[in-house]
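**Q** One letter stands for each residue in the lines below.
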Amino acid sequence: MAGNDVILSLKHISKSYPGVQALDDVSIDFYKGEIHCIIGENGAGKSTFIKMASGANEPDSGTIEFEGCVYNTMSPKLSKELGIEVVYQEFNLAEDLSVAENMYLGNRLDKCGVFQAKTVEKRAAEVFERIKVNIDCKKAVKDLSVSYMQFVEIAKALAKNLKVLILDEPTAPLTEDEVDKLLDVVLDLKEQGYTIIYISHRLPELFRIGDRVTVLRDGKKIITEDMKNMDTDKLITYMVGRKMSFEYPKRNHEIGEVIFEAQHVTSDKVNNISFKVRAGEILGIGGLVGAGRTELLRAIFGADIMLSGAVYLKGEKLEIRHPADAVAKGMGFVTEDRKRQGLLLEDSICHNISLAILKKISRLGVVDIKREQKYAEKEKDLLRIKTPTLEAPANSLSGGNQQKVVLAKWLAADCRIIFMDEPTRGVDVGAKQEIYKLMNELAEQGIAIVIVSSEMEELMGMSERIMVMHEGKSTGELRKSEFSEETVMQYASGLV
Amino acid sequence: MKFVELFKKYGVVFILVILFVIFTALNPAFLTVTNIINISKQVAIMAILSVGMTFVLLTGGIELSMGSVVSLVVVTISMFVTILGWPISLAILASIAIATAIGLLNGIIIAKVKVPPLIMTLGMQIFLYGFTYTLCGGTPVYGIPNSLKWVGQTYIFGFLPVSALIMIIIILIGYFVLSKTYLGRYFYAIGSNEETANLSGINSDRIRIMAYTCCGFLVGIAGMVMLGRIGSGQPSAGEGYEMDVLTGCVLGGVSLNGGKGNLAKAFAGILVIGILSNGMSLAGMDAFMQKMVKGLVLMLAVILDSLQYVKIRRKVKVIS
Numbered sequence: 001m002a003g004n005d006v007i008l009s010l011k012h013i014s015k016s017y018p019g020v021q022a023l024d025d026v027s028i029d030f031y032k033g034e035i036h037c038i039i040g041e042n043g044a045g046k047s048t049f050i051k052m053a054s055g056a057n058e059p060d061s062g063t064i065e066f067e068g069c070v071y072n073t074m075s076p077k078l079s080k081e082l083g084i085e086v087v088y089q090e091f092n093l094a095e096d097l098s099v100a101e102n103m104y105l106g107n108r109l110d111k112c113g114v115f116q117a118k119t120v121e122k123r124a125a126e127v128f129e130r131i132k133v134n135i136d137c138k139k140a141v142k143d144l145s146v147s148y149m150q151f152v153e154i155a156k157a158l159a160k161n162l163k164v165l166i167l168d169e170p171t172a173p174l175t176e177d178e179v180d181k182l183l184d185v186v187l188d189l190k191e192q193g194y195t196i197i198y199i200s201h202r203l204p205e206l207f208r209i210g211d212r213v214t215v216l217r218d219g220k221k222i223i224t225e226d227m228k229n230m231d232t233d234k235l236i237t238y239m240v241g242r243k244m245s246f247e248y249p250k251r252n253h254e255i256g257e258v259i260f261e262a263q264h265v266t267s268d269k270v271n272n273i274s275f276k277v278r279a280g281e282i283l284g285i286g287g288l289v290g291a292g293r294t295e296l297l298r299a300i301f302g303a304d305i306m307l308s309g310a311v312y313l314k315g316e317k318l319e320i321r322h323p324a325d326a327v328a329k330g331m332g333f334v335t336e337d338r339k340r341q342g343l344l345l346e347d348s349i350c351h352n353i354s355l356a357i358l359k360k361i362s363r364l365g366v367v368d369i370k371r372e373q374k375y376a377e378k379e380k381d382l383l384r385i386k387t388p389t390l391e392a393p394a395n396s397l398s399g400g401n402q403q404k405v406v407l408a409k410w411l412a413a414d415c416r417i418i419f420m421d422e423p424t425r426g427v428d429v430g431a432k433q434e435i436y437k438l439m440n441e442l443a444e445q446g447i448a449i450v451i452v453s454s455e456m457e458e459l460m461g462m463s464e465r466i467m468v469m470h471e472g473k474s475t476g477e478l479r480k481s482e483f484s485e486e487t488v489m490q491y492a493s494g495l496v
Numbered sequence: 001m002k003f004v005e006l007f008k009k010y011g012v013v014f015i016l017v018i019l020f021v022i023f024t025a026l027n028p029a030f031l032t033v034t035n036i037i038n039i040s041k042q043v044a045i046m047a048i049l050s051v052g053m054t055f056v057l058l059t060g061g062i063e064l065s066m067g068s069v070v071s072l073v074v075v076t077i078s079m080f081v082t083i084l085g086w087p088i089s090l091a092i093l094a095s096i097a098i099a100t101a102i103g104l105l106n107g108i109i110i111a112k113v114k115v116p117p118l119i120m121t122l123g124m125q126i127f128l129y130g131f132t133y134t135l136c137g138g139t140p141v142y143g144i145p146n147s148l149k150w151v152g153q154t155y156i157f158g159f160l161p162v163s164a165l166i167m168i169i170i171i172l173i174g175y176f177v178l179s180k181t182y183l184g185r186y187f188y189a190i191g192s193n194e195e196t197a198n199l200s201g202i203n204s205d206r207i208r209i210m211a212y213t214c215c216g217f218l219v220g221i222a223g224m225v226m227l228g229r230i231g232s233g234q235p236s237a238g239e240g241y242e243m244d245v246l247t248g249c250v251l252g253g254v255s256l257n258g259g260k261g262n263l264a265k266a267f268a269g270i271l272v273i274g275i276l277s278n279g280m281s282l283a284g285m286d287a288f289m290q291k292m293v294k295g296l297v298l299m300l301a302v303i304l305d306s307l308q309y310v311k312i313r314r315k316v317k318v319i320s
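Residue numbers (full-length UniProt numbering), protein chains in the order written: chain L, 1 to 496; chain D, 1 to 320.
It should be emphasised that the hints constitute simulated quantities derived from the structure, not laboratory data.
Check the hints yourself; a few may be wrong.
No farther apart than 27 Å at their CA atoms in a straight line, the calculated lysine-lysine pairs in the DSSO-like style are these [what the hints assert, rightly or not]:
hint	chain 1	residue 1	chain 2	residue 2
1	L	Lys-190	L	Lys-228
2	D	Lys-260	D	Lys-112
3	L	Lys-132	L	Lys-32
4	L	Lys-32	L	Lys-234
5	L	Lys-360	D	Lys-180
6	L	Lys-378	D	Lys-180
7	L	Lys-359	D	Lys-114
8	D	Lys-112	L	Lys-339
9	D	Lys-112	L	Lys-269
10	L	Lys-269	D	Lys-114
11	L	Lys-370	D	Lys-180
12	L	Lys-138	L	Lys-181
13	L	Lys-359	L	Lys-432
14	D	Lys-112	L	Lys-329
15	L	Lys-32	L	Lys-220
One chain only, chain L, in its complex shape:
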């Protein structure tokens, strides 16, 4: 580590939102040239921290120091001028523009108003050379894979006067080998003297790259410590404030008859896929990002057009033209992106939970509000959704609790089969455990579950069988005894 020069320092930062103390007297020093990890459960204050550093929001009290200068707050403009860049979970790229154009968007690299494509491409190529990423800078961003979009985001930051790079859950959308590549790049950047603030839920990554780690819990700083003095158990204990072993809960119930069957499902992105799920069984779908896992679920659920194939529930052939038909038959879909596809963010928690059953709990078109309340109350207790009131808007909840609301919606709908697409993405360890337990309870009640997950451990821990996909096709099905990361990866890469 390059000495202990402090580059960025938060001093006694507090910030509250209505009903929540998001940060409570938090002080953190970031050393020049270190990889500083920040972890904490959802709602611990990680996103608020980013907002303070990037100037997206201002603290109620406290100061922010950068290279010796003390500020009362950052602003988006100031933080960029100082060299603080954030790569968010949601990319901020103009998809139709080329890689190079994206990187220099807003920089005046023109000659008398004429855009200098050659210069820009050359400069972009140089940046990518520095991080040893092989990419065609003329390519449109929309033609890139998710991991390459991430590299473009990082390169975009590098093209500016970067000093501190904040990465917010950078590996969440990536598959395991893409993660390796990203971590290499991050380590490389550190070698080049950049300071990196790395926020992630995935503990193994932190041990691979982190120099120091800060744990936040309930808006407070619990500890900042050298990574080498930490281990997984300690980190988890600090995060949750109680001892917790990270294990996948066991199930020992009988698995029933085949309840759901998909035959030769074909869509734009999915090629002739068949599978069966039994009552009480959890079927995993594995594969790399872009293998067509989400698209398979969407086609079955009626969200995308199914070109050919058939779907059977309890032996009955279903005609699904719209998700409404699927829901009416007792299917549920926990979508990957809860903010855009799972919730009405500004609407109340109660309304979100009842969304899929509104019609069912209506008489002559009039919603039975008492029943609605009862359902919402019941699911809230069952899932332990942390909120003072069901009338609070969904966006007032932390990520984990928002995800629970999405699950609650489908539990209320009394589904026979639930598709879960990345059900624990961006969810903290505690909520993860609760979601796993809940999945088991559902399975015990005889509900069939199909889970798509990019986290290999989760996929193998939760599933009875795993169907692996590669480029829209099914490459194989593994039984529990055959599970191993290597085998799944082989199938996922289309090597078998």
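Following the hints, complete the assembly by docking chain D onto the known chain L.
**A** Here is chain D on its own, set in the frame of chain L:
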């Protein structure tokens, strides 16, 4: 930002009070029983239209053809009765059916073909004005039986115009639909996040078509009330109403982005527009100046609606 929030909550009421004070000061005739009844008659048509407009706005759409449909309904009822000799009830029913069908058509094309609602309904508006004028040969249809005028010219208990009564009933029904039925909740749901709504099993296309169809039906009723008030089949009867109604709704906090708003405040917004028109006429402002004011109010309403999405800049201090 505080002021904007406060204004969004109670701004409409605030404007109403100010307008009352100003117009009473400008012309004492403003605050008389006759004039208040007059205002209520003028407002009735807009308020009925505002219920339909709110339905559509909530789903994230917009309906600009309603003025032309009012004109069409006024002319068709008149022609059905005077030229075809149909009974009044049949003429009204048929005309409302036509208005409903136009709403249905708007809805189908907007929902299924994904034509932007602004362009679709604007095109419909231009077409229908042309069609209506062609239909009646450009001149008003006279000879309406007096029984058709009862809507505009009869009073219940001696002071409540029938048109105002119809307005109250429609607003109450609209309120009930929006707050108590699943259809109303679906309007809000697809307006705030269509993707989520669809994946939760709500057929957003169908709900959107419902919104435009209900709106069309209400426009038909507004047309009937309009004919009762003006007493002849004027092809220009509905001109400009769509903008007044839109201004009123948005002023009352129904968001152009969908998913937000309620009828009570939309009604307050409509009252502002009604009182503004009436007061400006009484104060002797000419039509051109009135247009300027109305345009300004529309822009003000839209600016306030958009302001909530704009973030303000902060001051940065270097302490040391």
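**Q** Look at each hint and say if it fits the structure.
**A** Here is how each hint holds up against the structure:
1. L/Lys-190 to L/Lys-228: With Cα atoms ~17 Å apart, L/Lys-190 and L/Lys-228 stay inside 27 Å; holds.
2. D/Lys-260 to D/Lys-112: Distance of about 24 Å is within 27 Å: holds.
3. L/Lys-132 to L/Lys-32: Within the cut-off at roughly 22 Å; holds.
4. L/Lys-32 to L/Lys-234: 26 Å, holds
5. L/Lys-360 to D/Lys-180: 14 Å, holds
6. L/Lys-378 to D/Lys-180: Roughly 22 Å between the alpha carbons, so the hint for L/Lys-378 and D/Lys-180 holds.
7. L/Lys-359 to D/Lys-114: This hinted pair holds, its Cα atoms lying about 26 Å apart.
8. D/Lys-112 to L/Lys-339: Distance of about 25 Å is within 27 Å: holds.
9. D/Lys-112 to L/Lys-269: 23 Å, holds
10. L/Lys-269 to D/Lys-114: Status holds; Cα separation ~23 Å.
11. L/Lys-370 to D/Lys-180: 12 Å, holds
12. L/Lys-138 to L/Lys-181: 22 Å, holds
13. L/Lys-359 to L/Lys-432: 31 Å, violated
14. D/Lys-112 to L/Lys-329: 24 Å, holds
15. L/Lys-32 to L/Lys-220: 23 Å, holds
When each numbered hint is compared with the structure, a violation occurs for hint 13 only.
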